[in-house]
Structure formats: C-alpha cells, structure tokens
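From first to last, the protein sequence lines stand for chains H and Y. full-length UniProt numbering applies: residue 1 is where the first sequence begins, and numbers increase by one. full-length UniProt numbering applies: residue 1 is where the second sequence begins, and numbers increase by one.
Any given hint could turn out to be false.
As the list claims (entries may be wrong) - Simulated crosslink set (DSSO-like; lysine-lysine; CA at most 27 angstroms straight-line):
hint, chain 1, residue 1, chain 2, residue 2
1, Y, LYS18, H, LYS45
2, H, LYS103, Y, LYS18
3, H, LYS42, Y, LYS78
4, Y, LYS2, Y, LYS75
5, Y, LYS111, Y, LYS78
6, Y, LYS107, H, LYS31
7, H, LYS87, H, LYS31
8, Y, LYS44, H, LYS119
9, H, LYS87, H, LYS16
10, H, LYS31, Y, LYS95
By construction, these hints were calculated from the structure, which means they are not laboratory data.
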Amino acid sequence: MKENHTIIRQEYDIIKNDFARAGEASSNIKKILRQLGIDSAKIRKTAIATYEAEMNIVIHSNGGKIIFSISEDKIKIGAHDRGPGIKDIGLAMQEGYSTASNKVRELGFGAGMGLPNIKRCADNLTIDSKEGEYTRLDMEILL
Amino acid sequence: MKVQEILEILECQCHLGKDSLDREVHKAFGCDLMSDVLAFDTDKTLLLTGLINNQVIRTAEMMDISVIIFVRGKKPTKEVIELAKINNMILLSTKHILYTACGILYKNGLKGVPRREEE
Numbered sequence: 001m002k003e004n005h006t007i008i009r010q011e012y013d014i015i016k017n018d019f020a021r022a023g024e025a026s027s028n029i030k031k032i033l034r035q036l037g038i039d040s041a042k043i044r045k046t047a048i049a050t051y052e053a054e055m056n057i058v059i060h061s062n063g064g065k066i067i068f069s070i071s072e073d074k075i076k077i078g079a080h081d082r083g084p085g086i087k088d089i090g091l092a093m094q095e096g097y098s099t100a101s102n103k104v105r106e107l108g109f110g111a112g113m114g115l116p117n118i119k120r121c122a123d124n125l126t127i128d129s130k131e132g133e134y135t136r137l138d139m140e141i142l143l
Numbered sequence: 001m002k003v004q005e006i007l008e009i010l011e012c013q014c015h016l017g018k019d020s021l022d023r024e025v026h027k028a029f030g031c032d033l034m035s036d037v038l039a040f041d042t043d044k045t046l047l048l049t050g051l052i053n054n055q056v057i058r059t060a061e062m063m064d065i066s067v068i069i070f071v072r073g074k075k076p077t078k079e080v081i082e083l084a085k086i087n088n089m090i091l092l093s094t095k096h097i098l099y100t101a102c103g104i105l106y107k108n109g110l111k112g113v114p115r116r117e118e119e
C-alpha cells in the first residue's frame with residue numbers, strides 16, 4: 001500500500017490581539033493550496049475553518065500556533081493556543097453563543113459562529129481544552 | 001449584474017479596481033458580522049458592509065468575494081485598500097445606509113445569497 005507522505009508542513013505563530021496581522025496565516029495557507037491545484041471547494045472549506053480558528057486564537061487566547069500540513073489524502077490544520085481554555089465546549093458549539101468582548105464585536109467577530117463554522121467545514125474535528133491552560137483544535141479536510 | 005451598473009445605481013465612489021468594473025456579481029450579502037459571512041455560500045457575491053477594517057478584506061479573501069461596498073458613507077483606510085489590492089478586489093462606497101443600499105439593489109434584480117439548508 002502506498003504511504004501518505006506529508007507534502008508540506010508549516011507552523012505559524014499567532015499573536016494575541018494582533019488584529020492588523022490576523023488572517024495572514026490563513027491567507028498564506030490558502031495561497032499554498034491554490035498553487036498545489038487543490039479543488040476550490042476544498043480550499044474554501046479549509047480557508048474558512050483556518051481563518052475562524054486563527055481569529056479565535058487572536059481574540060480569546062494568550063497566543064498560539066496554526067499548524068498546517070497536507071498529504072495526498074488530507075489537509076490537516078491544528079490551532080493550538082495557551083489561554084483560558086473553553087469552559088463548556090457544548091455551549092461554544094452552539095450558533096450564537098459567544099464570550100467575545102464589545103471591542104471584538106466591533107471588529108465584526110464574536111457573533112458566536114466561529115466553532116459552528118469550523119465544524120461545518122471540517123470533515124473531522126477534535127477539540128481538547130483544559131480550563132486556564134490551553135485549547136487545541138485539530139481539523140482534517142479530506143481530499 | 002455588472003459592478004459598473006451597481007456603482008451607478010448606488011451612486012458609489014470607487015476606491016479600488018476602476019479598471020475591473022465590468023466584473024459580474026450574481027448575488028449579494030449585507031452584513032456587519034464577518035462570521036455570518038463565513039457561514040454562507042458566497043460565490044460571485046457582492047458584500048455590503050458598514051465595517052471598515054482588515055478583517056473585512058481577510059473574510060472576503062477566504063470567501064472568494066472580490067467586490068465590497070462600504071455603506072453609510074464610510075471610506076476604507078489606506079491599509080485596507082493596500083490589502084484589498086493584493087487580493088485584486090474592487091472597493092466602492094455609497095452614502096446609503098445598509099438597508100437602503102440592499103433594498104435598491106434587490107429592486108433592481110440582484111438577489112441575496114441562498115438560505116442555508118436546515119441542519
């Protein structure tokens with residue numbers, strides 16, 4: 001059986017409250033996928049999920065990383081942060097539930113659609129969070 | 001509908017993309033919440049918003065939206081225009097409020113993005 005070698009793997013540092021650069025990692029990943037000639041619907045799903053996860057790190061955490069890798073059969077996106085964690089993952093998955101500040105809402109986020117959007121776009125999603133320590137989202141988009 | 005036609009109907013000022021006004025959009029989305037934009041199918045879509053920051057451009061970039069109208073007479077900053085330029089976008093602004101701008105376009109035949117299927 002043929003092995004699924006990782007074609008590209010990259011890590012991006014995401015900085016807390018850096019709204020000027022927020023989205024750069026997602027933008028870079030989207031460009032790479034386009035250069036690789038990936039199907040546009042898969043690119044869109046990856047871009048949405050990555051961007052929401054990147055914004056979550058900027059908005060809610062003390063900083064973290066977006067880890068991108070692609071192999072022959074899937075795109076993997078990890079969004080790992082240090083920070084307050086998610087108190088109630090079930091609640092956070094509900095559309096419209098948000099803990100974002102007014103400042104974040106003024107930027108157009110904090111509508112409570114982030115995790116639901118990620119779940120809709122990712123073929124596989126795992127969320128691991130420890131209150132007061134970290135949140136780790138791992139998503140897969142199957143090719 | 002061609003962007004040129006939209007520009008005329010809404011009496012828009014063009015901040016970026018003057019040479020691309022023959023670009024077509026097939027539907028529109030009016031919204032100040034970027035996560036809501038990210039929840040819909042926005043192929044060949046015009047975005048109308050009162051929000052002016054980099055996140056509007058980033059959101060549009062992720063969704064392959066290439067035409068944005070800022071409502072309520074708001075004008076994009078240089079930084080926003082630069083980011084939009086990299087992404088080959090058209091940026092317009094109109095003095096109409098969001099509701100009125102959307103209503104005028106709807107009356108002229110430009111429909112909204114389809115509703116989401118119930119999950």
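These are the hints, each one checked on the structure:
A hinted pair counts as satisfied when its Cα atoms are at most 27 angstroms apart, and Y:LYS18 with H:LYS45 does not qualify at roughly 30 angstroms. Only pairs whose Cα atoms come within 27 angstroms are accepted, and H:LYS103 paired with Y:LYS18 is rejected, the gap being roughly 33 angstroms. A C-alpha spacing of about 32 angstroms is found between H:LYS42 and Y:LYS78, which places the hinted pair above 27 angstroms, so the restraint is violated. In summary, the hint linking Y:LYS2 to Y:LYS75 is supported, as the alpha carbons are separated by about 22 angstroms, within the 27 angstroms threshold.
The hinted pair formed by Y:LYS111 and Y:LYS78 fails the criterion: a straight-line CA distance of about 31 angstroms is larger than 27 angstroms. Note on Y:LYS107 and H:LYS31: the hinted pairing is violated, with a Cα-Cα distance of about 37 angstroms set against a maximum of 27 angstroms. Among the hinted pairs, H:LYS87 with H:LYS31 is inconsistent with the structure: their alpha-carbon atoms are about 34 angstroms apart, more than 27 angstroms. About 24 angstroms separates the Cα atoms of Y:LYS44 and H:LYS119, which keeps this hinted pair within 27 angstroms; it holds.
Restraint check: the Cα-Cα separation between H:LYS87 and H:LYS16 comes to about 19 angstroms, which is no more than 27 angstroms; the hinted pair holds. Under the criterion of a C-alpha separation no larger than 27 angstroms, the hint pairing H:LYS31 with Y:LYS95 is inconsistent with the structure, at around 34 angstroms.
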